[in-house]
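Chains as they are written, first to last, in the numbering used here: chain A, 1 to 88; chain B, 1001 to 1542; chain C, 2001 to 2212.
By construction, these hints were calculated from the structure, which means they are not laboratory data.
Keep in mind that this is a model prediction, so the values were computed, not measured.
The C-beta atom is built at its ideal place from N, Cα and C for all residues, glycine as well.
It cannot be assumed that every hint is accurate.
Computed footprint of chain B on chain C, listed as stretches where at least three residues anywhere in the stretch have a Cβ under 8 Å from a Cβ of chain B [said to hold, decoys possible]:
| # | region |
| --- | --- |
| 1 | 2006-2012 |
| 2 | 2023-2029 |
| 3 | 2049-2055 |
| 4 | 2142-2153 |
Partial selection, computed: residues in chain A whose CB lies under 10 Å from chain C [unchecked claim]:
| # | residue |
| --- | --- |
| 5 | V9 |
| 6 | T22 |
| 7 | G31 |
| 8 | A35 |
| 9 | V41 |
| 10 | V52 |
| 11 | R57 |
| 12 | Q59 |
| 13 | I62 |
| 14 | A67 |
| 15 | L86 |
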Amino acid sequence: MPRQALTLVGVWVALMALLATTIAATFGPFGAWKAAINLSVAFCKAGLIFWVFMHLREQRGIARVVALSFLLWLAILMGLTLADVLSR
Amino acid sequence: MTALPLQTPEERVSYLNAGHTLRSWFLTTDHKRIAILYLVAITGFFAVAAVGAALIRLQLMTPTGELLSHEGYNRAFTLHGVVMVWFFLIPSIPNTFGNFLIPLMIGAKDLAFPRLNLASWYIFVGGGIFTLYALIAGGVDTGWTFYTPLSTMYANGHVLAVIAGITIAGFSSILTGLNFIVTVHKLRAPGMTWGRLPLFVWSHYATSVILVLATPVLAMTLILLFAERALRLAIFDPSIGGDPLLFQHLFWFYSHPAVYIMILPAMGVVSELVTAGARKRVFGYWFVACASLAIAGVGFLVWGHHMFVSGQSPYAGAIFSFLSLAVAVPSAVKVYNWTATLYKGEVVLDPPLLYGMAFVGLFTIGGLSGLMLALLAIDEHVHDTYFVVAHFHYIMVGGAVSGFLGAAHFWWPKITGRMYPLVWGRISAGLIFLGFNLTFFPQYLLGYLGMPRRYPTYPPEFQALNVLSSAGASVLFVAYVLPLVYFTWSLRNGRAAGANPWGASGLEWTTPSPPPKHNFEQIPVVDRPAYDYPLTRARGDE
Amino acid sequence: MSEYVTLREPYAARRQQSDADFLGMYVFLATEAMLFGALMCLTFLYRTQHPQASALAAQHMQLWIGAANTGILLTSSLFVALGVLAARHGQRRTTAGMLAGAMALGVVFLTLKGIEYGLDYRDGLMPVIGHPSPVRQGPAGLFIDLYFVATALHALHMIVGLVVLGTAATLVLRGAKRLPGQAVVVEMSGLYWHFVDVVWVFLFPIFYLARG
């Protein structure tokens, strides 16, 4: 049990490090890339929370598909609407 | 062998007489009783929405109709649209027949979350009563589509109350879809593999995917609308750079898949009606099953075809046009497969099959007009005309309502243990087909000739077609009342039904009519494919 | 372990019931993701249409409160995860303690949020009330209003999360739910809380860090 608890604490350390990174990136000289960097960091954090804290790594196929399906659907919403917004 | 008369439903122990108190009905967790609670609720909502339709058709009998004020007419078609879409069509088949049949069809004793099922009914009725009150106590004039900035800034009326009620009812949709998905994944009987599931179940599974992924987007859209109107937030306000078109994108991202929520369950019903009516295994089982999933999936990619002339970029319009043509393909696959199932089958023209065939014909006509609308060049001319109105009524009424009535005529003996007089079933099917076409075919012509929708008046040269349409509506009214009459009559006087009066294949037909409270004494073990015709027992046996 | 799990209708096996509970919760969380995701998509689309105004609006956000809240919420998730671990090992008091710790952090989050809203009011960012700052005119107002809707909705979900965690902790501490057999109530509560955390993980960069 202590080993598993240690894993959880390790994930927490990673999450805090990612938080520090994203804040630093906001103040850094990254210009237009900031949004992409911050979003990527957010995805990493969310991924860690889903995979470890939310036990997605223990689940079988269908639960994983369900848990992550929304990503595809939001991509559809975003993508096709963006196609309109950018080409008007 | 069957010399003794069948027990009447009152004599037999079943879910219907497992408790006679109000409490046993209103606090039930039995999916079959909840299905009946839903049936009563949606019938009531249908009647209210039909009143809206009656007002519209009465107003349009004359070119300068004086029945309603212009404001009143707007409220009439908004009432009709809101109640029909959210309080009749979306719950119609899934929450009545889906609730009743899915556990029976997969060999389970109930849905995955029975108490959630009951909660969804209360949420639905709560949202519905709230919306209904608002629509009647003054109403809303924005149309069921609530476009901004009319709905947020300029409309008078109870917009906030109506959209609050719709959002509440939306949670009922989400919970139903959730329940169905988990049920189909986890509660199938031993041996009931995905490849042996009835196509009715496949359709409802695809519908449930849409329910859970699309409805939350509607909830957010309505929350934003509520916030903008109630708190004077600036979300879609064009005066400070807000984009009303983004409202439309968010709204239609849900509302287009919503029409597939309305049609997929009916398609599932038709699959059952056609195979049972032809007593023949469905042609191309996997094609039909995958077509359901394809409709659900591709249906999420086409919403921009509601916005071709709203200011959307023509490039996005072209993309959406192409995808809208593509989504017709899986629907067409189903039509071909149903037709091929009937070919060389032992066709018996009982009412369920008549409704199934009505669906196939009317849905095809509606679908073809949909292809026309998907083409930018045609839609440029017929957008917002009666051509569009005719198109979606052919699908929703000719299609979805035919499916609903077909389901009622097919599974009534299972649900109630009583048979209705078949001759009246055939008469009502014919009358509905006649009345429907009389009502809505003229509307294709009117739209093509240029009559706009949502207008309370029209040029005098359109009167003849409008009168035909209104006349058809009165036939439809009678035709819809007929089943209410003979179904109610059958509850006391109908012949007692056996377990399998149609000689159909499917686990639900192996239980008594009506089924016992827990469906199966022992969970069945399935070792035969779906639609296992010819059945070893002859038609009509106990 | 399995002797405490009560089988509900209509399940025939404990693994089946547990799988169904997890799948149901993931489906529910997917719907919540679509809800918040739609709002985030709208925000991105406005950022695409009005990049400078969005950056200007973001500069008026209380970045350090937002950052502190992110750290607090991530830590509360750790507590919840440890609580679930303890529940799986049948440790009643540790479970309740961890959940209580998470709840305490949740209350700190909401307190800071309240203070933040107070500062927003002082700066004239709030709709309807207060003296509107010139920032609210023009497209920056769109961004600011979306920020309020998003964070208010999130706070509402946090409050529900506190109730959920509190109920789970109470049931476990009183022995109404025995561990580890009936740990599912802690697991489900944990999933919900983690999800509310994930929503914030995205809200933070989208609104607070969008300063250009």
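Here is how each hint holds up against the structure:
1. By the rule of at least three residues with a Cβ nearer than 8 Å to a Cβ of chain B, the coverage given for the region 2006-2012 of chain C holds, with 4 such residues.
2. Remark: the region 2023-2029 of chain C is confirmed as covered by chain B, as 4 of its residues place a Cβ nearer than 8 Å to a Cβ of that chain, reaching the required three.
3. Check result for the region 2049-2055 of chain C against chain B: holds, 3 residues qualifying (beta carbon to beta carbon below 8 Å, three or more required).
4. Counting residues of the region 2142-2153 of chain C whose beta carbon lies closer than 8 Å to any beta carbon of chain B gives 6, which reaches the threshold of three, so the coverage claim holds.
5. Using the Cβ-Cβ criterion of 10 Å, the hint placing A:V9 at the interface with chain C is satisfied: the shortest such distance is roughly 7 Å.
6. Taking 10 Å as the C-beta contact cut-off toward chain C, the hint placing A:T22 at the interface holds, the least distance being around 6 Å.
7. This hint holds: A:G31 has a C-beta 9 Å from the nearest C-beta of chain C, less than the 10 Å allowed.
8. The restraint placing A:A35 at the interface with chain C holds, with a minimum CB-CB distance near 7 Å, inside the 10 Å limit.
9. Interface restraint check for A:V41: the shortest CB-CB distance to chain C comes to about 7 Å, inside 10 Å, so the restraint holds.
10. Residue-level restraint check for A:V52 holds (minimum Cβ-Cβ distance to chain C is 7 Å; threshold 10 Å).
11. Because the smallest distance between the Cβ of A:R57 and any Cβ of chain C comes to about 13 Å, over 10 Å, the interface hint for this residue is violated.
12. At its closest, the beta carbon of A:Q59 sits 7 Å from a beta carbon of chain C; the interface hint therefore holds under the 10 Å criterion.
13. Annotation: interface hint on A:I62 holds; nearest CB of chain C at approximately 7 Å, less than 10 Å.
14. For A:A67, the interface hint holds, since its Cβ comes within 10 Å of a Cβ in chain C; the closest pair sits about 5 Å apart.
15. Taking 10 Å as the C-beta cut-off, the interface hint given for A:L86 holds, the closest approach to chain C being about 7 Å.
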